[in-house]
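Undergrad: Use the sequences and the hints to build the structure in full.
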Amino acid sequence: MSEYEKLSICKDAQLTLRKAREDGVETVWDRFKKQEPQCGYCELGVSCRICVMGPCRIDPFGEGPQYGVCGADADIIVARNLARMIAAGAASHSDHGRDLVEVLHKIGEGAAPGYTIRDADKLKRVAAEYGIDTAGLGNEGIAKLLAEAMMEDYGMKKEQITLINRAPKQRIELWKKLKVIPRGIDRETSETMHRTHMGVDNEYVSILLHAVRNSLSDGYGGSMIGTELSDIIFGTPKPGFSEVNLGVLKEDYVNILVHGHSPVVSEMIGVAVDDKEMIELSKSRGAKGINLAGLCCTGNEIMMRKKIPMAGNHLMTELTMVTGVVESMIVDYQCIMPSLGQVAQCYHTKMYTTSDKAKFPFMEHVEFTPVNAREQAFRIVKESVENFSRRNKDKVYVPTAPVRNMTGFSVEAIVGALGGSLTPLIDAIKAGKIKGAVGVVGCNNPKIKQDSGHVELIKRLIANDILVLTTGCVNVAAGKAGLQVPEAKEMAGPGLKEVCGLLNIPPSLHLGSCVDNSRIIVIACALANAIGVDIDKLPLAGAAPEWYSEKAATIAFYAMASGIFTVLGVMPPIMGSKKVAELATSGLNDVFGACFAVEPDPVKAAQLITNHIMEKRKGLGLDV
Amino acid sequence: MKVVVVKPERCVGCLQCRFACSVAHSISGSPYAAPYEAVLSKPRIHIGLTKDKDAFPNKCRHCDPAPCEMACLPKAIFREPSSGMVLINPDRCINCGMCAMACPFGVVRYHVYSSNKTAAHKCDQCIARQKEGRVPACVEVCKVGALLFDDYNKVMDRATDEISSLVYLGIRSKEQEKGPYQSLTAYKHRLEELRRKQA
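These protein sequences, in sequence, are chains W and B.
So for the first sequence, my numbering puts the first residue at 1; every next one is plus one.
So for the second sequence, my numbering puts the first residue at 625; every next one is plus one.
Wrong hints could be hidden among the right ones.
[What the hints assert, rightly or not] When the alpha-carbon atoms are kept at most 30 Å apart in a straight line, the in silico DSS-like pairs for lysine-lysine are as follows:
| no. | chain 1 | residue 1 | chain 2 | residue 2 |
| --- | --- | --- | --- | --- |
| 1 | B | 675 | W | 33 |
| 2 | B | 626 | W | 33 |
| 3 | W | 350 | W | 288 |
| 4 | W | 604 | W | 578 |
| 5 | B | 741 | W | 447 |
| 6 | B | 767 | W | 19 |
Because the hints were derived from the structure by calculation, they are not lab data.
TA: Shown next, in the form of C-alpha cells:
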C-alpha cells in the first residue's frame with residue numbers, strides 16, 4: 001500500500017497527492033502529521049480558555065489540578081466547551097440562513113436584480129405556515145412579508161420559532177416539558193455565550209439542556225429557513241444526473257470552481273458561465289468553453305438544482321488546484337481552508353473571496369451583495385476566462401474520469417417519486433422491504449482515511465435493506481464509490497433492491513448540502529406524523545463517520561434531540577467528564593429517546609445502527 | 625546512549641508531557657480510555673517552578689552510578705543491562721523512601737501500580753516504546769523542543785556550534801531575541817517582581 005493509499009480511498013486523491021508532493025504543495029494531511037500527537041487535555045475537553053484567570057486544565061489522572069482557577073470542575077468545563085461548540089455551529093448555519101432571508105427581502109422590495117422566485121408554490125406553502133394571508137398578493141409581496149416574519153424568528157419577539165411546529169406533537173410536548181423549545185434563533189446562540197461566561201450557568205445538565213435548545217434553533221430554525229428559502233429562490237431540486245470526482249475538470253475548458261456554502265454566490269456564477277458572450281470570449285482565448293464545478297456544500301446546492309458536477313469534498317479542496325487546470329476558485333464562507341490561497345500560489349489559479357465576513361490570505365476580495373451579485377459574477381467569470389492563457393501546460397494533470405451521480409432528492413422530489421405521498425415508503429417499511437432509513441452526513445477529517453468511513457458504512461447499510469440519505473461531503477464520497485446511481489441497487493439487499501428498481505432510484509439518495517440536513521428532519525417528522533408516533537419510535541438513525549466541524553456537532557445534537565440515535569466516527573471532546581460522557585452515550589436515552597455512540601470502525605457502526613433499527617422495528621410490532 | 629535532554633528555556637508549561645506520560649504508562653494506552661481505568665496511571669515527569677515562575681521539566685536522569693539504586697536495600701531498583709536504564713521492580717519495593725531521599729533531582733514518587741501495589745514510581749524512559757522504535761512519549765508530544773531524545777555528546781556538539789555562532793554575533797542567547805514566548809516570560813518576571821514588591 002502506497003503512503004497515499006493510507007490517506008484516502010479515492011484514486012483521484014491518491015494520484016494528486018503524489019503530484020502535490022512533487023510540486024512541493026503542503027496539504028491538510030502534512031499539517032495534521034505535524035500537529036500529532038494532539039493535545040490530550042483538549043481532546044478530552046478539559047482545557048478552558050474562557051477567561052484570563054486561566055487558561056486552565058484539569059488533570060484527568062487525578063494528580064494535578066481538579067478545578068480551574070474559578071472553581072469549575074471537569075464536568076462544568078466539558079459542558080461549557082461543548083455548548084460553545086454547538087453555539088458556533090448553530091451560528092454558522094443560521095447566519096447562512098439569514099443571508100437568504102435578506103435576499104428574499106430584497107426580492108420583495110424589487111432590489112435584487114438577477115434573483116427571482118423560482119418556486120412560487122413553495123413560497124405560498126411556507127408563507128401559510130407562517131400564518132401570512134397571501135390573498136391578493138403577488139410573489140414579491142409574499143416574499144417581503146415572509147422575509148419579515150422570518151426575521152422575527154431570528155429575534156426575541158416570538159415565544160417559539162415557527163417551523164418547530166413541523167415536529168410531531170408528542171415531541172413538541174416533550175420539548176416543552178424540558179423547556180428546550182427555541183424562542184429565537186439568534187437568542188439561543190447569544191444565551192449560550194452568556195451562560196458559558198464565567199460565573200453564569202455552572203450545572204452541567206442545565207448547560208447541556210440549553211445547548212439542545214440552541215441546536216434546535218438551528219435544525220428547525222436557521223438551517224430549515226436556509227433550505228426552504230434556497231428552494232423558493234433558486235428552485236426546489238428535482239432528480240437528475242450529474243458527475244463527481246476530479247475528472248469533472250476538463251483540460252480544454254476554462255475551469256471555474258465554487259467553494260463554500262451559500263447558493264447566493266454560486267447560483268449567480270452559474271448564470272454568468274452560461275452567458276453566450278462569456279463562452280465566446282473563452283473560445284477566443286483557445287478554450288472550448290467554460291466548465292463550472294462545485295466543492296463542498298455550495299457545490300451540493302448547485303448540483304441538486306442545476307446538476308453542476310462536483311470536483312470533490314472537504315479534503316479534496318486543496319488537491320483540485322494540483323490538477324493545474326483551475327483558472328479560478330470563488331469562495332463564500334465555511335469550511336474553506338485558509339491554506340487554499342497558499343496552494344494557488346503554486347499554480348495560475350486566481351482566488352476570490354465574496355463575503356465581507358470571510359476573507360483569506362492570498363485571495364482577491366470581490367464583495368457580493370443581493371444588489372450587485374450579477375455584475376460581480378460577470379466580472380469574476382471574465383477575469384477567469386482571461387486567466388486561461390496563463391495556464392502552465394507542464395503542470396496539467398487530471399487524474400481520473402468522472403463518475404455518474406444521481407442527485408436532486410428534495411423532500412418534494414421524494415414524495416413525487418413515491419406518487420404523491422409517503423404512504424408507499426411507509427408500506428415498504430412495514431412490509432420489511434426497507435428496514436429503516438439512515439442519514440449519513442458530515443465532513444471529512446484527516447483523522448480518518450478519506451471517505452472510508454462514509455463508503456463502507458453506506459455499503460453495509462444498503463446491503464441490510466436500509467435506505468441511506470446523504471448530505472454534505474458524504475454525497476461526494478458515496479457518488480465517487482458509485483453508490484448513488486440506480487444501478488447501485490445491485491449492492492442493496494433484496495427488499496431495498498426491489499423498491500429502488502421499481503422507482504428507478506439509487507439506494508443512497510442525495511438530499512443536499514449540510515443545511516439540508518433539515519430535509520432529513522422534515523422527512524422524519526412527516527413519517528412520524530403519518531404513522532402517528534413520535535420520531536424516537538421510528539426505525540431511523542443518523543451517522544457522521546468523518547465529522548470535523550462545529551456545525552456537525554450542532555447537527556448531531558438536533559438529530560439526537562429529535563429522537564434520532566446518532567453514531568459519530570470521531571470522538572467529540574467530552575471524555576474528560578465521566579458524567580457528560582455517560583449522559584451522551586446512554587443517559588440522554590431516558591430524556592430524548594435517543595443518544596450518541598462513538599464508533600470509528602464503519603463495520604461496527606453499521607452493526608450498531610442495524611441493531612438499533614431492528615429494535616425500533618420490534619417496538620412498532622414490525623418483522624425484523 | 626540516547627537520553628531525554630531538557631531545554632528548560634523552551635518549556636511553556638503546557639503539561640502535555642505529563643499527560644502523554646500518563647497515557648503511555650496506562651493499560652489501554654489510549655487518551656480516551658486511560659482516565660477511566662481502575663487505577664489511574666500517574667505521570668513520571670514533573671514540572672518544577674522557579675520563584676520567577678519559569679517552568680522546568682524534571683524527570684529521572686538515569687544517573688550512573690545511581691544514588692537511588694545504591695540506597696535501595698531490597699534491590700527493587702536496578703539497572704537494566706541492555707538499555708542502561710534505571711528501573712523499579714514494584715514487587716520488591718518496601719516503600720521505605722530511601723530512594724526518594726537519595727535522589728538529587730527529587731523525581732521519585734510513591735503511587736499505586738495497576739497490580740494494586742503501592743511502590744516507588746519514576747520515569748522508565750518509555751523502555752516499552754523504545755523497543756518498538758519509538759521515542760519516549762514526553763519527547764514525542766513536546767511541540768516546543770524543550771524535550772529532546774538524543775545522545776548527550778551529540779547534543780553538546782550541536783550546542784558548541786550554536787554557542788560559537790552566538791559568541792561571534794555577540795548575543796548571549798538566541799532565545800532572548802526572538803519569539804512571542806520571550807515577551808510572555810518577561811511579563812511573568814515583571815508580574816512576579818511586582819508581587820514581591822507589594823508583599
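Undergrad: Now, for every hint given, state plainly whether the structure supports it.
TA: Structure-based check of each hint:
no.: 1; hint: B:675 x W:33; in the structure: 37 Å, violated
no.: 2; hint: B:626 x W:33; in the structure: 24 Å, holds
no.: 3; hint: W:350 x W:288; in the structure: 20 Å, holds
no.: 4; hint: W:604 x W:578; in the structure: 23 Å, holds
no.: 5; hint: B:741 x W:447; in the structure: 37 Å, violated
no.: 6; hint: B:767 x W:19; in the structure: 29 Å, holds
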